[in-house]
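Asker: Sequence:
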Amino acid sequence: MKILIFAAGLGTRLKHLTKDKPKALVEFNGKTILEHLILNLKSQGFNDFVINVHHFADKIENFLKENNNFNSNIEISDEREMLLETGGGLLKAKKFLSSSENFIIYNADIFSDINLKELVSEHKKNNALATLTVQERETSRKLLFNEENELCQWKNYDTNEVKEAKKTEDELKSWAFTGIHIISNEIFNHITEIGKFSIIDLYLRLAKNHKISAYKSAYSYWFDLGKPENIIEAETYINNHAT
Numbered sequence: 001m002k003i004l005i006f007a008a009g010l011g012t013r014l015k016h017l018t019k020d021k022p023k024a025l026v027e028f029n030g031k032t033i034l035e036h037l038i039l040n041l042k043s044q045g046f047n048d049f050v051i052n053v054h055h056f057a058d059k060i061e062n063f064l065k066e067n068n069n070f071n072s073n074i075e076i077s078d079e080r081e082m083l084l085e086t087g088g089g090l091l092k093a094k095k096f097l098s099s100s101e102n103f104i105i106y107n108a109d110i111f112s113d114i115n116l117k118e119l120v121s122e123h124k125k126n127n128a129l130a131t132l133t134v135q136e137r138e139t140s141r142k143l144l145f146n147e148e149n150e151l152c153q154w155k156n157y158d159t160n161e162v163k164e165a166k167k168t169e170d171e172l173k174s175w176a177f178t179g180i181h182i183i184s185n186e187i188f189n190h191i192t193e194i195g196k197f198s199i200i201d202l203y204l205r206l207a208k209n210h211k212i213s214a215y216k217s218a219y220s221y222w223f224d225l226g227k228p229e230n231i232i233e234a235e236t237y238i239n240n241h242a243t
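Take the sequence shown: its position 190, counting from 1, is numbered 190 in our numbering, and each next residue is one higher.
None of these hints come from the bench; they were simulated from the model. Backbone N, C-alpha and C fix where the C-beta goes; we use that ideal spot for every residue, glycine too. Treat the hints loosely; a few may be bogus.
[Stated by the list, open to error] Here are the simulated DSSO-like pairs of lysine-lysine, each with C-alpha atoms no more than 27 Å apart in a straight line: (1) Lys196 <-> Lys211; (2) Lys31 <-> Lys142; (3) Lys142 <-> Lys117; (4) Lys92 <-> Lys173; (5) Lys19 <-> Lys95.
[Claimed, not checked] DEER-style ranges, computed between Cβ atoms: (6) Asn68 <-> Glu161: 25 to 35 Å; (7) Glu138 <-> Lys117: 36 to 46 Å; (8) Asn189 <-> Lys31: 24 to 34 Å.
Work the whole structure out from these sequences, hints included.
Answerer: Now the structure itself:
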């Protein structure tokens with residue numbers, strides 16, 4: 001099964017750390033964010049990756065070449081000309097993913113031990129178009145699901161903006177998205193958007209007629225490495241749990 005790694009972002013929240021390198025090549029605990037992720041995915045039995053690139057794209061390509069692609073099969077989805085956001089990035093990578101019945105998307109700046117084999121099993125069992133791993137976490141923007149764990153809404157709790165996906169009489173459960181999801185390649189038959197667009201907006205549109213599910217996965221750690229202080233927290237966690 002292929003994994004699409006979103007590594008094209010500008011990394012603006014990391015401030016000075018991304019002045020001369022992409023976010024994926026910021027280091028902590030002696031390895032780059034991208035290396036930590038690839039080694040984690042390989043440890044779970046995955047070895048086929050598609051990585052989208054934009055900001056300092058050449059540096060990511062050179063880094064992979066210098067490390068012999070970490071003995072993995074890696075293809076590059078090139079967004080040098082235009083950063084396409086998450087939905088556009090998915091569509092751009094279509095040619096690399098169409099041969100895989102299902103594929104995982106993993107934000108490069110997420111550092112976690114979420115069990116991907118369990119996610120794959122849950123996704124196949126539910127016959128969903130997409131399955132999003134979710135968690136209990138304080139954040140202003142959340143996804144809301146019905147009793148069957150089907151996506152119904154997105155809400156910004158700071159502004160009270162709501163995006164409706166599916167009407168329901170159920171009391172909705174609100175969860176934070178982890179940045180890790182699995183998708184059936186059937187989704188490409190339903191994408192009408194072009195250019196730059198959000199994958200969350202795509203999910204909200206498709207949820208009206210297709211099954212977009214939540215999966216609340218167990219994990220020991222989860223860090224969003226998009227901010228300098230979060231990188232320090234992740235490094236501290238590693239050092240405190242080193243065997």
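Asker: Each hint: holds or not?
Answerer: Now the hints, each set against the structure:
1. Lys196 <-> Lys211: holds (24 Å)
2. Lys31 <-> Lys142: violated (31 Å)
3. Lys142 <-> Lys117: holds (25 Å)
4. Lys92 <-> Lys173: It is violated: about 32 Å lies between the C-alpha atoms, which goes past 27 Å.
5. Lys19 <-> Lys95: Roughly 31 Å between the alpha carbons, so the hint for Lys19 and Lys95 is violated.
6. Asn68 <-> Glu161: 25 to 35 Å: violated (46 Å)
7. Glu138 <-> Lys117: 36 to 46 Å: 28 Å Cβ-Cβ, so the 36 to 46 Å window is violated.
8. Asn189 <-> Lys31: 24 to 34 Å: Since Asn189 and Lys31 have Cβ atoms about 38 Å apart, the given range 24 to 34 Å is violated.
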